[in-house]
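K.L.:
Here the protein sequences come in this chain order: A and B. Residues 63 to 229, numbered by our numbering, are exactly what the first sequence covers, in order. Residues 15 to 120, numbered by our numbering, are exactly what the second sequence covers, in order.
None of the hints are false.
Pairwise CB distance ranges (calculated): (1) B:P26 with A:E190: 23 to 33 Å; (2) A:L72 with B:T27: 16 to 26 Å; (3) B:N95 with A:D144: 20 to 30 Å; (4) B:R29 with A:E146: 26 to 36 Å; (5) A:T181 with B:K70: 40 to 50 Å; (6) B:T110 with A:D144: 23 to 33 Å; (7) A:T81 with B:M87: 15 to 25 Å; (8) A:D133 with B:P71: 37 to 47 Å.
Straight line, CA to CA, 20 Å or less: simulated EDC-like cross-link-like pairs of lysine to aspartate or glutamate: (9) B:K104 with A:D70; (10) A:K115 with A:D104; (11) A:K76 with B:D18; (12) A:K75 with B:D25.
In short, the hints are calculated from the structure, not lab data. Keep in mind that this is a model prediction, so the values were computed, not measured. Think of the CB as a built atom: it goes at the ideal place given N, C-alpha and C, for glycine as much as any other residue.
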Amino acid sequence: MNSPLQFDFLVDKKKNTLTFIREFRAGKQLIWDCYTQHELLDQWFAPAPLSTKTKSMEFCEGGHWHYAMIDPNGTEYWGWTDYETIQSPDFYTALDAFSNEAGDINANLPRAKWLVRFTEKGANALVETVITYHSLQDLETVLQMGMKDGLTATLSRLDDLLIHLTK
Amino acid sequence: MRRDIFHAIADPTRRTILTLLTLQAMTPNALAEHFAISRQAISKHVQILLECELIKPEYQGREIYYSLEANKMKEIDQWLNQFRSLWKTKFKQLDTLLHTLQKQTT
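Looking at chain B on its own, in the form it has when it is part of the complex (with noise of 0.2 Å):
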């Protein structure tokens, strides 16, 4: 299954855990406290973070801390601004026929 920043932004759970990251960074441990599912589920999530690369693991000693990949995130928002554009064509569109509608009834 091919997995994107779209699939991972899918889950509930995987949402949560960007959110929380983007607070500070954040050990497996730290991260399944927040959450009432086990530690293997959170894994799970953890893991298909990382294969989208909304994540980044750093090794501090023995300890993993997770932390966002920002510039990833921006991704999303950039995929959502052709959407804006598109849309930004079709009303400016609409303003030229609601003016040359309005010149036709004066």
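Extracted from the complex, chain A is given alone in its bound form (with noise of 0.2 Å):
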């Protein structure tokens, strides 16, 4: 019964956007929920070892989400997302930003696009994220955010022990 689960990962250089289409052992209608209700997004959204924390969150076109990942020293890394259109249970668009507790949008820093679009496949669902940058150095600048204190690093060797334990 346990067929692996179906793992996409799409770079388009030319449009400097990302792709992960990921299938899901569950219905459509419950994963909609873990991305759109913060008590299951403060759950799963941050990749461990962070851990996310919601102060606002309002999903409507027009709402927003402001929540913050922790770090396990205690860490606070705000981040803001303004939800543009919402299509209930098929897909919505975002686009996310870094900001402070107060809810204050850093603007030195890239804001991306999502769009994220749940399909039925079988029993399980796919979910589609396509995030678009301005550019790839946008990109980089993001994922160097991650960089500056080792926790990329971190979750890459987490990533290797996952595969270990599950070999």
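Mind assembling these two chains? They're in different frames, but the hints should get you there.
P.N.:
Encoded structure:
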């Protein structure tokens, strides 16, 4: 029963997009809830060892999500997402940003546009995430934010560990 | 200004040059023939690609042939792969959450 779940990662260097397509062993509505309700987002959104804490969220067109990712030392990295269009439970588009605890958007850091689409695949569901950056250099800046605190290195190590453990 | 592989591939002309060089090593003149812009403009782009070490010059008699540094190109993929592993972790967490939620409802 444990057939491998589809996971595609595509990079379009001309359009400056990253696309992730992932299959989940659950119904579309439940996955939609996990993406659009902060009580659930808080339980998965930040990659371990980070955790997520929502300060405020209003999931509607023109609404927002204001949250922090917290590292094991307690340092908070604040993010802000503006929701643009929503068609429940099929897709939504949003604009992300780095911010602070007060919710001021950091204008010096790049923002990316997100399109998240949910489709059925038998009893499972597919989530397609397309993230569009202004340029590849923007993408690099975003990654360096993570690199700064060795975060990415930690995560790759963790990922290696997971691979070993599941083998 | 800092020049690295991302600066190199940020420009469409430079991406085309890299694509042409995947087929074969080429002289500056042969490269320029593929573009409508001036030889000097192409030469500037080639200079940037050299600085970023994405291409290397080889001298054959009086001619210079530029060829691709495949290993350097790999850096781009390695760098992008870090995104892949971050997302893998996130999606694994979502798997766990979905599993928990499903157990609660049954």
